[in-house]
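Novice: Which chain is which? The protein sequence lines are A and B, in order.
Going by the working numbering, the letters in the first sequence line up with residues 35 to 251, in that order.
Going by the working numbering, the letters in the second sequence line up with residues 35 to 251, in that order.
Derived by calculation from the structure, the hints in this document are not laboratory data.
Cβ atoms here follow ideal geometry from the backbone N, Cα and C, with glycine treated the same way.
Please note that the accuracy of each hint is not assured.
Computed list of lysine to any residue pairs in SDA-like fashion (alpha-carbon distance at most 25 Å, straight line) [to be verified]:
hint	chain 1	residue 1	chain 2	residue 2
1	A	212	B	83
2	B	212	A	178
3	A	205	B	68
4	B	205	A	248
5	A	205	B	212
So, partial list: chain B residues that the calculated Cβ filter (under 8 Å) puts toward chain A [unchecked claim]:
hint	residue
6	47
7	53
8	55
9	63
10	90
11	143
12	213
13	215
14	223
15	224
16	235
17	236
18	242
2 protein chains.
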Amino acid sequence: MNEKDLNTASLQLPEPTLRRLPWYLAYLSTLHNAAVEYISTTGIARALNVDPSQIAKDLSFLGIRGKTRIGYRVDELENTLRDFLGFDRRHNAIMVGAGSLGAALIADSGLQRYGLNIVAGIDINPAIVGTEISGVKIYDMAELPGIASRLDAHIGIIAVPVESAQDVADKLASAGIKAIWNFTPSRITVPDGVVIANTSIYSHLAVMYNRLASLNL
Amino acid sequence: MNEKDLNTASLQLPEPTLRRLPWYLAYLSTLHNAAVEYISTTGIARALNVDPSQIAKDLSFLGIRGKTRIGYRVDELENTLRDFLGFDRRHNAIMVGAGSLGAALIADSGLQRYGLNIVAGIDINPAIVGTEISGVKIYDMAELPGIASRLDAHIGIIAVPVESAQDVADKLASAGIKAIWNFTPSRITVPDGVVIANTSIYSHLAVMYNRLASLNL
Numbered sequence: 035m036n037e038k039d040l041n042t043a044s045l046q047l048p049e050p051t052l053r054r055l056p057w058y059l060a061y062l063s064t065l066h067n068a069a070v071e072y073i074s075t076t077g078i079a080r081a082l083n084v085d086p087s088q089i090a091k092d093l094s095f096l097g098i099r100g101k102t103r104i105g106y107r108v109d110e111l112e113n114t115l116r117d118f119l120g121f122d123r124r125h126n127a128i129m130v131g132a133g134s135l136g137a138a139l140i141a142d143s144g145l146q147r148y149g150l151n152i153v154a155g156i157d158i159n160p161a162i163v164g165t166e167i168s169g170v171k172i173y174d175m176a177e178l179p180g181i182a183s184r185l186d187a188h189i190g191i192i193a194v195p196v197e198s199a200q201d202v203a204d205k206l207a208s209a210g211i212k213a214i215w216n217f218t219p220s221r222i223t224v225p226d227g228v229v230i231a232n233t234s235i236y237s238h239l240a241v242m243y244n245r246l247a248s249l250n251l
Numbered sequence: 035m036n037e038k039d040l041n042t043a044s045l046q047l048p049e050p051t052l053r054r055l056p057w058y059l060a061y062l063s064t065l066h067n068a069a070v071e072y073i074s075t076t077g078i079a080r081a082l083n084v085d086p087s088q089i090a091k092d093l094s095f096l097g098i099r100g101k102t103r104i105g106y107r108v109d110e111l112e113n114t115l116r117d118f119l120g121f122d123r124r125h126n127a128i129m130v131g132a133g134s135l136g137a138a139l140i141a142d143s144g145l146q147r148y149g150l151n152i153v154a155g156i157d158i159n160p161a162i163v164g165t166e167i168s169g170v171k172i173y174d175m176a177e178l179p180g181i182a183s184r185l186d187a188h189i190g191i192i193a194v195p196v197e198s199a200q201d202v203a204d205k206l207a208s209a210g211i212k213a214i215w216n217f218t219p220s221r222i223t224v225p226d227g228v229v230i231a232n233t234s235i236y237s238h239l240a241v242m243y244n245r246l247a248s249l250n251l
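This is chain A alone, in the form it adopts within the complex:
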């Protein structure tokens, strides 16, 4: 990790801010593609339905300021955001569970554009172990301990059946993994010093079905 990271990305930002910054980045890329040169917080606010003062506050963490009445240079703000978020650096990750969802995530080149570099897959199914998915080799669970350090991976992604999630998380932590991205609906616990991110896509389905049912179609 270089000095730049220590000055910027190593600053712990509030989670809501971190979640909003990629929205701004996505919008700036749209503007960039449309050859727009300047954008104000009010302009971003209108496009994204976020309070302008919230946007100004979020962007202040980046140490970048817009000019009065003109706003921010689109390309400059886009580059600063992408760099700050670490999307332009490679983060090596191991995918545990190369079944349906795991294989899908390995094949999703979108994740690579956001800096996530899946270097290995792990599975317990002998029919999958030894094969490759989108150029990523699938290893047996027993090989996990050595792989993380050998491939310099700090991130472990969990896409296994829910009942194995905690066991896999324990194994990843023992293997020296520092951040776990959990795609199972299980609330896993991790040792102190290990970062956990939960993406419960099925929770979003639950909310959507409930709201849809209340429409009484």
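Position chain B against the provided structure of chain A, taking the given hints into account.
Specialist: Frame of chain A, contents of chain B only:
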């Protein structure tokens, strides 16, 4: 929609509750597989790191009560939860964007186990249109208006490049789609009466990278 739905699922629950219910369901399935017969809110709380009184409150929406000192019957609570969440019913959906992430989601059989039935894919790439992904036919964008009603789909999933997200959302709403699941980092707006669910997997990456950087590895 039958009378049962009107009595249960049509009740609009608070979003945080709806997000937690699938966690409980996932844990109950684990217990079921392990042949456990009864579970208390304290037991669920310990396993999932959620406050026991919160769990009791969440479960009270289901109109199901545990017995003092024994708790809930695992299979009964599991079935009630699955039914209540609508995971045992089929919800027809159209996937717009059959590129990397879209194709991955079409192929993810996990979504089917949670009641999401992707009946068609839509893309603008002539190389993909007319092909099938995991048995799901991919149509041209121009065919969207007729497809939703013909295939009885009320849900539209958006997995297109960020700059097309709002345009696709508008087209889905015009085609009679009642709920939109947005996988792009764009904050799209929808007409009144259309349900929107955002799954920003890249936002989760931003949080994870930031926390990881602060560890100063």
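Novice: Does each hint hold? Answer for all of them.
Specialist: These are the hints, each one checked on the structure:
no., hint, in the structure
1, 212/A - 83/B, "holds (21 Å)"
2, 212/B - 178/A, "violated (44 Å)"
3, 205/A - 68/B, "holds (21 Å)"
4, 205/B - 248/A, "holds (23 Å)"
5, 205/A - 212/B, "violated (42 Å)"
6, 47, "holds (6 Å)"
7, 53, "holds (4 Å)"
8, 55, "holds (6 Å)"
9, 63, "holds (6 Å)"
10, 90, "violated (17 Å)"
11, 143, "holds (5 Å)"
12, 213, "holds (5 Å)"
13, 215, "holds (6 Å)"
14, 223, "holds (6 Å)"
15, 224, "violated (11 Å)"
16, 235, "holds (6 Å)"
17, 236, "holds (5 Å)"
18, 242, "holds (4 Å)"
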